[in-house]
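Q: Numbering (UniProt numbering), first residue to last: 1 to 532.
Worth flagging that the hints you see were computed from the coordinates, not collected in a lab.
Treat the hints with caution; some may be incorrect.
BS3-like, lysine-lysine: derived pairs with alpha carbons at most 25 Å apart [what the hints assert, rightly or not]:
# : residue 1 : residue 2
1 : Lys56     : Lys28
2 : Lys498    : Lys411
3 : Lys56     : Lys145
4 : Lys267    : Lys251
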Amino acid sequence: MAIAIDFGTSNTVITRWNPVTQQPETLKLPGLSTQQHLNPPLIPSLVYIENARLGKIIAGQQVRDRGLDMKTDTRFFRNFKRGIGADIQGFLPEIDDENITFELVGKWFLTQVITELAIIEGSIDSLVLTAPVDSFEAYRYWLGKVCQSLPVQQIRMLDEPTAAALGYGLTGKGILLVVDFGGGTLDLSLVSLDQGTQAKNKPLGFLLKWGERTLSEDSKQKTKTARVLAKAGQNLGGTDIDNWIVDYFAKSQGLPVSSLTARLAEKVKIQLSTQDQVTEVYFDDQTFTSYEMNLNRDTLEKILRENGFFDQLDSVMMTLLQQGRNYGIEIDDINTVLLVGGTVQLPIIQTWIQQYFKPEKIRRQLPFEAIAHGALQITQGTEIKDYLYHSYGVRYWDRRHQRHHWHPIIKTGQPYPMTQPVELTLGASVENQPSIELIIGELGIQSGATEVYFDGDRLITRQFDSPATIVKPLNDNTEASKIAKLTPPGFPGSDRIKVYFQVDEQRFLRMTIEDLLTNSILVENQLVAQLT
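Generate the whole structure from the sequences, applying the supplied hints.
A: Shown next, in the form of structure tokens:
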């Protein structure tokens, strides 16, 4: 059975491929999924820890049904996807004498979802998971580790906007813009979908785990090829809007900042998708005071503007369009705009998008299911042609300014597998140097810096205007960084080693190192990291 999971900041969607109808269908898991009939069944990405030592949790809709999301409790977690792999200022609680991390909470959540799924649907042969385009290696590495413990033969990963394009079923030639705006991230992607012939025995998507049998060997059909032309992302989502609404009522009416007011703010925001004005009542059971959370669309727009929301949206759009121009694609060349994620349902977001694109180009009918439905397509013979979203570089010491800098070796937009390696020549910096250190880093897009921190029990992100390149070292430890041991020792004044960097078809960064003095190979085709 083929399953796809769109693990979201606010909600998670599960779909399976129906072999009878040859179409994806969204699954409903008793206890975990919402009971709403008008919307597709969603699993709220919520966790309540019952016993940390045993890894026993309550997940999804059950958390809301028991009212566990309506009180301030260190055992309750929401928006935990946002914290996975992030450098966070603040401390997570210790529960049942166990240190809790967002990575652990996320693992418990996905494991329980897949366990419940297996009970209902039986064994899972193929699983596809999705990830934001702006996620760093740390998030994808975590996802890969979680997958290794799952009882599934074949696991792939696909970026969310590409999956959304496939989910809308647009297979004709043309340029699509996918606006994926969920609870935690805003991702924009330019995607080209063409008809083509699949390369035999070539894996589909980004492999996290691979069994003995490959579906691609069995497929005889012509495949759709999704080519990603440009990507831009921002750590911004519906959760930020919820927090700003809470802050507005805290300032204007003195409402407390708590899990309950955050939940009510989310309800107000969702209702403003279909109503001009909304009122929710908050009752403080300690002071026996009630408050009215009354909000209309005009006030919401004012709140968003005061928090620089539209400036951030415009910045991401400009980045995406500039990348498109590098391929000769202008804004008028974009045929269709696909809206994905719960946040795009706000009329104010749709109005913002219409500043750039005509309404007839915009499609919005599958905001929740498009990603999971599209992810299933790579189990049915769709090949993804992608490129590296981040740059990668090596760290060096700038003697003039007495600080470290990064020298790019692989730039954003590099297709993979690479046909030619990148060469880097290095020499010793001190007398009798026994080895040469080489720290490899993943370089984020140069933009305003993002700070992630706790405000009470809320996980907050804040953008800075000053440009900064965010760097995530991939091998910054004593052993991994000493890549080349020199025999005899090195001396300054001449080149000593040549490093060849190569990215293979599975986004593995590999390197070969040649000793120029002894004409010997010190390292051959060694794995450095999986890239994004």
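Q: It remains to establish, for every hint, whether it holds in the given structure.
A: Status of each hint after checking the structure:
{"no.": "1", "hint": "Lys56 with Lys28", "verdict": "22 Å, holds"}
{"no.": "2", "hint": "Lys498 with Lys411", "verdict": "19 Å, holds"}
{"no.": "3", "hint": "Lys56 with Lys145", "verdict": "20 Å, holds"}
{"no.": "4", "hint": "Lys267 with Lys251", "verdict": "19 Å, holds"}
Hint check: no violations occur; every hint is consistent with the structure.
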